[in-house]
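If you're matching them up, the sequences are chains Z and H in order. Quick note on our numbering: the first sequence kicks off at 1332 and runs consecutively. Quick note on our numbering: the second sequence kicks off at 379 and runs consecutively.
One or more hints might be untrue.
Unchecked claim - Derived contacts from chain Z toward chain H, CB cut-off under 8 Å, selection only:
#1 Met-1418
#2 Leu-1430
#3 Leu-1435
#4 Ala-1440
#5 Arg-1441
#6 Leu-1443
#7 Leu-1478
#8 Asp-1480
#9 Gly-1482
#10 Pro-1484
Unchecked claim - Using C-beta positions, here's what the derived DEER-type ranges look like:
#11 Lys-414(H) with Gln-1415(Z): 31 to 41 Å
#12 Asp-574(H) with Gly-1482(Z): 55 to 65 Å
#13 Ala-486(H) with Gly-1455(Z): 53 to 63 Å
#14 Thr-664(H) with Arg-1498(Z): 53 to 63 Å
#15 Arg-492(H) with Pro-1501(Z): 45 to 55 Å
#16 Arg-1441(Z) with Ser-485(H): 35 to 45 Å
Hints were generated in silico from the structure; no laboratory data involved. All C-beta atoms, glycine included, are put in the ideal place defined by N, C-alpha and C.
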Amino acid sequence: MAGTTQQPAQQRAAAGEPAVHRAAEAHSAPPGKSVLGPDEIRRALTRIGHEILERTDGGREVILLGIPTRGVPLARRLAARLAQTEMISVPVGSLDITLYRDDLRLRPARALGPTEVPASGIDGKIVILVDDVLFSGRTVRAALDALGDLGRPRAVQLAVLVDRGHRELPIRPDYVGKNLPTSKREVVKVLLTETDGTDSVTLLGSGDAVPPGIGDAVQPDSGDAGQPGEAGQ
Amino acid sequence: MNRHLISAADLSAGDAVSILDTAEELARLAERPIPKLPTLRGRTVVNLFYEDSTRTRISFEAAAKRLSADVINFSAKGSSVAKGESLKDTALTLQAMGADAVVIRHSASGAPHRLAEWVRGSVVNAGDGTHEHPTQALLDAFTMRRRLGRLEGLRVAIVGDILHSRVARSNVWLLRTLGAQVTLVAPPTLLPVAVDSWPCEVSYDFSAVLPSVDVVMMLRVQHERMTQAYFPSVREYSRRYGLDSDRMALLPDHAIVMHPGPMNRGVEIAADVADSPRSTIVEQVTNGVAVRMAVLYLLLGGSTGAEPAVAGAERVGATL
Chain Z
1332 MAGTTQQPAQ QRAAAGEPAV HRAAEAHSAP PGKSVLGPDE IRRALTRIGH EILERTDGGR
1392 EVILLGIPTR GVPLARRLAA RLAQTEMISV PVGSLDITLY RDDLRLRPAR ALGPTEVPAS
1452 GIDGKIVILV DDVLFSGRTV RAALDALGDL GRPRAVQLAV LVDRGHRELP IRPDYVGKNL
1512 PTSKREVVKV LLTETDGTDS VTLLGSGDAV PPGIGDAVQP DSGDAGQPGE AGQ
Chain H
379 MNRHLISAAD LSAGDAVSIL DTAEELARLA ERPIPKLPTL RGRTVVNLFY EDSTRTRISF
439 EAAAKRLSAD VINFSAKGSS VAKGESLKDT ALTLQAMGAD AVVIRHSASG APHRLAEWVR
499 GSVVNAGDGT HEHPTQALLD AFTMRRRLGR LEGLRVAIVG DILHSRVARS NVWLLRTLGA
559 QVTLVAPPTL LPVAVDSWPC EVSYDFSAVL PSVDVVMMLR VQHERMTQAY FPSVREYSRR
619 YGLDSDRMAL LPDHAIVMHP GPMNRGVEIA ADVADSPRST IVEQVTNGVA VRMAVLYLLL
679 GGSTGAEPAV AGAERVGATL
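Next up, chain Z with everything else stripped away, as it sits in the complex (with noise of 0.2 Å):
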């Protein structure tokens, strides 16, 4: 029943059948060393979102910004743990950093991804950036710039699922979903539901080739300027 391709498991999976998931993941999950699973991923975005709700006196004032692609599905699963949880509802959006890279001049023009920010503003409100994977750290610099033209948060905090090291600025995650260490060549893919049709973290080896389609995919999302030959920039 499952999909047997992956376009129909997508639609399915979205509508957010979880035998589906596990169907479709047994698919499509890429070649690579499985890191997190869709039960571990359900389990650190749970843990998350209580550790959100312990530090920021029950998630008042706060607003949960992902930052597209795979950023903005993630923050939409917090917020709903955060509503299951405590009965409360955490306003969320989007953050579009391309036009704050710092490595702009290095690649053609990118397409934009949506920016929306709650009506609400983020004035005086406790803002947590959610993103996929941290790496260099060049993204949450870039998010950070892109936040101090939107407004002036009273605080703000940065969710990751997976961080895998090797920082090229001085940036912490205030929530991790797991501490996974990397050697530099080593590319981190995270698929989800919402976007890719399935839930995974993969660690692809240097020696592994990274399949046609997945590479693309991957150095926006987890790389920011982090391939090896723009680590110096």
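Based on these hints, arrange chain H on the given structure of chain Z.
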């Protein structure tokens, strides 16, 4: 996308949609407390205007400044051009000053094309003679898409002085690329000779076209380009090809009225039509800034098109 934007006919559907989508994101910038982005910091945009223009020049200037580019305005009046300098020598001067983009308006069709051969930066055509005005067509398409939700299958009437209109030509090509159907409406004297070869229909009867269109775009009669009599009198032109409230009543309820400006109220468009809620004339100006920001970002925001990305990296390395 190409390194230059010289003609709307050069744009593929993918390029055009990516400009419109980028503009959609950039349009939201105006709502922010600080409507400025650091994206083009350190880039220089030269506005090279050989013809008078208020809205286009200001629009490009605002767009470049919102992206933090440095803007140099150069108008032919009171410059070395008045002293007899050729376009090529002016171009070489700009080149020597390190312009990353040149936005050019010129009374000669084809001037931006020639300029692109002489400068290393990107060339953006802001109107050349009676040839093209691609950013105007893009902002028109953007306005239609925002108001009507789509472009595919839209029926658009472009009415008036088609012969002298670079806006009409750019719109015909761009709208065709984006899947809309264009009908040109004008007296036979104000249609170009080769109009049969354009991808659009032609009509001489304005009132007959109106009930079936989603968009009607009125054009100004460009007296300054007219060297002979093209119609008996302004009054007769206005009666047959002007949009007044009686004619506007023939339009379907959802249809919008556009005008690239500057307009001559009482000639091609009646004052109450220009000020009606169907008119998008003011929106077009606002949207112009977002669309021009999108064009400048896509041309200048990344590693500059022609050189491979590696060369761009070297250049950044060299400047640090």
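Going through the hints against the structure:
1. Met-1418: violated (32 Å)
2. Leu-1430: Interface hint status for Leu-1430(Z): holds (4 Å vs cutoff 8 Å).
3. Leu-1435: holds (6 Å)
4. Ala-1440: holds (4 Å)
5. Arg-1441: holds (7 Å)
6. Leu-1443: With a minimum Cβ separation of about 4 Å from chain H (threshold 8 Å), the hint on Leu-1443(Z) holds.
7. Leu-1478: Where the cut-off is 8 Å and the nearest Cβ of chain H is about 11 Å from Leu-1478(Z), the hint is violated.
8. Asp-1480: holds (5 Å)
9. Gly-1482: holds (6 Å)
10. Pro-1484: violated (13 Å)
11. Lys-414(H) with Gln-1415(Z): 31 to 41 Å: Roughly 40 Å apart at Cβ, these two residues keep to the hinted range, so it holds.
12. Asp-574(H) with Gly-1482(Z): 55 to 65 Å: The hinted range 55 to 65 Å holds for Asp-574(H) and Gly-1482(Z), with Cβ atoms some 56 Å apart.
13. Ala-486(H) with Gly-1455(Z): 53 to 63 Å: At roughly 56 Å between Cβ atoms, Gly-1455(Z) and Ala-486(H) fall inside 53 to 63 Å, so the hint holds.
14. Thr-664(H) with Arg-1498(Z): 53 to 63 Å: violated (42 Å)
15. Arg-492(H) with Pro-1501(Z): 45 to 55 Å: Between Arg-492(H) and Pro-1501(Z), where Cβ atoms are some 51 Å apart, the hint holds.
16. Arg-1441(Z) with Ser-485(H): 35 to 45 Å: holds (37 Å)
In terms of the numbered hints stated before, the structure departs from hints 1, 7, 10 and 14, listed from lowest to highest.
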